[in-house]
Structure formats: C-alpha cells, structure tokens
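> Each chain is listed here by its residues.
2 protein chains.
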Amino acid sequence: MNLNALHKIGYGMYIVGSHQGEKRNAQIANTMFQITSEPPTVAVSINKNNLTHEYIKASHVFSASVLGQTAPLPFIGGFGFKSGRDTDKLKGVNYKVGQTGSPIFLDNTVAYLEAEVIQDVDVGTHTIFIGKVVAAEILNENPCMTYEYYYQVKRGTTPKSAPSYIAREK
Amino acid sequence: MNLNALHKIGYGMYIVGSHQGEKRNAQIANTMFQITSEPPTVAVSINKNNLTHEYIKASHVFSASVLGQTAPLPFIGGFGFKSGRDTDKLKGVNYKVGQTGSPIFLDNTVAYLEAEVIQDVDVGTHTIFIGKVVAAEILNENPCMTYEYYYQVKRGTTPKSAPSYIAREK
Numbered sequence: 044m045n046l047n048a049l050h051k052i053g054y055g056m057y058i059v060g061s062h063q064g065e066k067r068n069a070q071i072a073n074t075m076f077q078i079t080s081e082p083p084t085v086a087v088s089i090n091k092n093n094l095t096h097e098y099i100k101a102s103h104v105f106s107a108s109v110l111g112q113t114a115p116l117p118f119i120g121g122f123g124f125k126s127g128r129d130t131d132k133l134k135g136v137n138y139k140v141g142q143t144g145s146p147i148f149l150d151n152t153v154a155y156l157e158a159e160v161i162q163d164v165d166v167g168t169h170t171i172f173i174g175k176v177v178a179a180e181i182l183n184e185n186p187c188m189t190y191e192y193y194y195q196v197k198r199g200t201t202p203k204s205a206p207s208y209i210a211r212e213k
Numbered sequence: 044m045n046l047n048a049l050h051k052i053g054y055g056m057y058i059v060g061s062h063q064g065e066k067r068n069a070q071i072a073n074t075m076f077q078i079t080s081e082p083p084t085v086a087v088s089i090n091k092n093n094l095t096h097e098y099i100k101a102s103h104v105f106s107a108s109v110l111g112q113t114a115p116l117p118f119i120g121g122f123g124f125k126s127g128r129d130t131d132k133l134k135g136v137n138y139k140v141g142q143t144g145s146p147i148f149l150d151n152t153v154a155y156l157e158a159e160v161i162q163d164v165d166v167g168t169h170t171i172f173i174g175k176v177v178a179a180e181i182l183n184e185n186p187c188m189t190y191e192y193y194y195q196v197k198r199g200t201t202p203k204s205a206p207s208y209i210a211r212e213k
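So the sequences go chain by chain: D and B. Take 44 as the starting number for the first sequence in the numbering used here and just add one per residue. Take 44 as the starting number for the second sequence in the numbering used here and just add one per residue.
You may find that some hints are simply not true.
[As the list claims (entries may be wrong)] Derived SDA-like pairs: lysine to any residue, alpha-carbon spacing no greater than 20 Å straight-line:
id: 1; chain 1: B; residue 1: 100; chain 2: D; residue 2: 166
id: 2; chain 1: D; residue 1: 139; chain 2: B; residue 2: 45
id: 3; chain 1: B; residue 1: 175; chain 2: D; residue 2: 151
id: 4; chain 1: D; residue 1: 66; chain 2: D; residue 2: 128
id: 5; chain 1: B; residue 1: 203; chain 2: D; residue 2: 176
id: 6; chain 1: D; residue 1: 197; chain 2: D; residue 2: 151
id: 7; chain 1: B; residue 1: 175; chain 2: D; residue 2: 45
id: 8; chain 1: B; residue 1: 125; chain 2: B; residue 2: 45
id: 9; chain 1: D; residue 1: 139; chain 2: B; residue 2: 44
id: 10; chain 1: D; residue 1: 197; chain 2: B; residue 2: 184
id: 11; chain 1: B; residue 1: 91; chain 2: D; residue 2: 81
id: 12; chain 1: D; residue 1: 197; chain 2: B; residue 2: 186
id: 13; chain 1: D; residue 1: 91; chain 2: B; residue 2: 164
Keep in mind that the hints were calculated from the coordinates and are not lab data.
Could you put together the complete structure from these sequences and hints?
If you want it as structure tokens, here you go:
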C-alpha cells in the first residue's frame with residue numbers, strides 16, 4: 044500500500060472561519076466539498092483540537108473563503124500554522140463579518156460562502172460539519188488555488204493536524 | 044446569493060467502483076476527500092439512485108481510480124451518463140479486480156485506492172460513505188484531472204444526479 048496515492052486526490056484551498064459571540068477565528072482547510080445540490084449543502088472536515096472547531100460547535104455556522112492561486116505563502120501561513128488561542132489571527136487582515144457572524148476574507152480570495160450546520164459527523168480526530176449554504180458570492184474570476192499548486196509550485200507544507208497530512212516518503 | 048460560487052470549490056475526478064457478489068459497477072464522482080490521516084480514511088458522496096450506491100451498501104467496500112488529465116470525454120462519459128442497470132459499463136474496459144472485489148481502472152488513470160466502509164451518513168439525496176483505506180497505489184505521475192479542467196477545457200458536463208450539479212446561469 045502506498046499512501047502517497049492519497050496525494051492524488053484533488054482539492055481547493057479555503058479559509059474556514061467561525062465565531063463565538065464577538066470572538067472570531069479562521070483556519071486553512073483543503074477538505075471542503077459540495078454534498079447535495081437540493082438544498083445546496085457543503086461539508087468541511089475540521090480537526091477537533093482547533094479553535095475553529097470549538098467555534099463552529101458553539102455557533103453552528105461557518106464561512107469558507109476560497110483562496111486564489113496568487114495568495115502569498117505568508118498570508119496562508121498566518122491562518123494555518125498557529126492557533127487562534129495564542130494569537131488574534133484576524134488582526135491586520137481585511138475581512139468583513141458575514142450574515143452568519145463569521146469572518147469573510149477579501150484579500151487573495153475569489154469567492155466565499157456561509158453555511159448553517161445541519162449535521163455533524165464524528166470521524167475520530169476530525170468532525171465533518173455539513174452545512175446548508177445560506178450565502179455565497181463570487182468576488183472575481185482569478186484562478187483558484189489548488190492543493191497541488193500550493194504543494195508543488197508554492198512549496199507549501201501541511202501541518203500534522205490536517206486531514207490530508209501524510210508523512211511524505213521523500 | 045450566487046450559487047455559482049460553489050463552482051469555485053476544487054475537486055479531482057474519480058471512477059468510484061463497487062460490487063455485489065460477482066456483479067461490478069462504477070461511476071464518475073468528483074466529491075472525494077481525505078477525512079483523517081490516522082487511520083487513513085476517505086469520504087465519497089454518492090447519489091442514492093445510483094447502482095454503485097446499491098453495491099456499496101451491499102458490499103461495504105468501494106474503489107476510487109483517479110482520472111488523469113488526458114482521459115478522453117467518451118471514456119469518462121461511458122461511466123457518467125448512463126446507469127449500470129441498463130448496460131454493463133465495464134464491458135470492453137481495462138480493469139482489474141482489487142482486494143475488496145471492486146473494479147480498479149487501469150487506462151486514463153494515475154492512482155487508485157480501495158476502502159472498507161466504516162460509517163455512512165445520510166445527507167438527503169446522497170449518502171457520504173466514509174471508508175478506511177485498505178489499498179492504495181500510484182500508477183504513474185501524469186497530471187490529475189481536475190473538475191475545473193474537465194468543465195472549462197474539456198467542456199465536460201455534469202448530470203443532474205451529481206452533488207455539484209447547479210443549473211448554470213449561462
């Protein structure tokens with residue numbers, strides 16, 4: 044068995060945000076997909092240790108801002124390799140508060156959606172949150188970041204807490 | 044709300060196969076993602092009306108063969124716009140039977156995995172099958188098909204039964 048085959052699964056990259064009251068946080072995720080078209084629902088898989096997980100559990104809402112291909116690594120890293128428990132990730136970042144109260148990111152992104160959680164599925168280290176899409180907008184027609192582009196071209200890396208983390212053979 | 048924003052979600056494309064005894068079937072899916080890395084698990088979202096759904100429910104296993112970017116439209120269409128109830132989709136197609144009994148496709152693909160279902164989640168029109176990966180191999184290093192490439196470059200289309208079907212505005 045060669046688990047590197049899992050790297051052949053295609054993904055986009057997203058900033059998934061949520062809130063608890065006036066506290067807001069967000070993290071990078073690559074595992075989002077549409078579940079049904081009628082009604083429009085999406086799923087995201089979030090590590091149970093993450094602050095965003097705690098906020099989604101509390102508020103039952105989340106946002107997902109779709110990263111554009113030109114998003115710089117330091118911008119992505121600001122959401123991805125630190126915890127909102129230790130630092131205010133949103134400080135100095137251009138965002139608006141969406142109708143669900145979740146942060147929506149306006150720089151280096153191409154679209155966003157907001158969802159209300161209708162089901163959550165315990166899958167061990169992670170929870171899959173399934174949400175009904177309640178807001179969605181396209182910001183521009185720039186190309187989207189793919190996980191493959193992030194890894195191969197941008198030389199980005201993946202934290203151990205990600206669903207798609209695999210100890211790379213090389 | 045502009046539901047076309049959902050088209051900005053990134054996906055690969057897969058031939059998802061399963062079996063019921065000696066009967067085998069497969070279909071195109073774009074909604075697969077890795078759920079956890081320890082143990083390695085993946086999720087696929089399958090329409091309840093599909094024969095492959097019936098087979099996965101019966102056998103509790105599935106395979107996913109990752110399509111390469113050069114896969115011709117007629118090859119993809121052979122799996123995607125017809126039901127295995129009406130025709131033997133595997134006739135004339137180069138495949139092997141994997142360790143789970145599911146078909147693994149060897150032409151126009153770059154990798155495959157097989158999984159044993161450990162959880163299934165009813166999400167209305169579809170079921171999300173969560174499977175533990177029990178086999179996985181890379182076949183070659185050709186680029187993977189992305190859903191965006193399929194739609195924009197290959198001018199492929201999406202059947203109404205797909206999770207990502209949206210009546211396109213144009």
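> Each of the hints needs a verdict: does it hold here or not?
Checked hints:
1. This hinted pair checks out: residue 100(B) and residue 166(D) have alpha carbons roughly 19 Å apart, not beyond 20 Å.
2. For the suggested pair residue 139(D) and residue 45(B), the alpha carbons sit about 18 Å apart, so the restraint of at most 20 Å is met.
3. Between the alpha carbons of residue 175(B) and residue 151(D) the distance comes to roughly 35 Å, so the proposed pair goes past 20 Å and is violated.
4. For a cut-off of 20 Å, the pair hint linking residue 66(D) to residue 128(D) stands: about 11 Å separates their Cα positions.
5. For the hint linking residue 203(B) to residue 176(D), the alpha-carbon distance of about 19 Å falls within 20 Å, and the restraint holds.
6. Of the pairs offered as hints, the one joining residue 197(D) and residue 151(D) holds, with about 14 Å between alpha carbons and a cut-off of 20 Å not exceeded.
7. Simply put, residue 175(B) and residue 45(D) have alpha-carbon atoms about 14 Å apart, close enough for the 20 Å limit, and the pair holds.
8. Among the hinted pairs, residue 125(B) with residue 45(B) is inconsistent with the structure: their alpha-carbon atoms are about 30 Å apart, more than 20 Å.
9. A hinted pair counts as satisfied when its Cα atoms are at most 20 Å apart, and residue 139(D) with residue 44(B) qualifies at roughly 16 Å.
10. About 19 Å separates the Cα atoms of residue 197(D) and residue 184(B), which keeps this hinted pair within 20 Å; it holds.
11. For the given pair, residue 91(B) sits about 13 Å from residue 81(D) by alpha-carbon distance, which is consistent with the 20 Å threshold.
12. Among the hinted pairs, residue 197(D) with residue 186(B) is consistent with the structure: their alpha-carbon atoms are about 17 Å apart, no more than 20 Å.
13. Distance restraint check for residue 91(D) and residue 164(B): the Cα-Cα separation of roughly 19 Å lies within the 20 Å cut-off, and the hinted pair is therefore satisfied.
Of the numbered hints stated above, those contradicted by the structure are hints 3 and 8, listed in ascending order.
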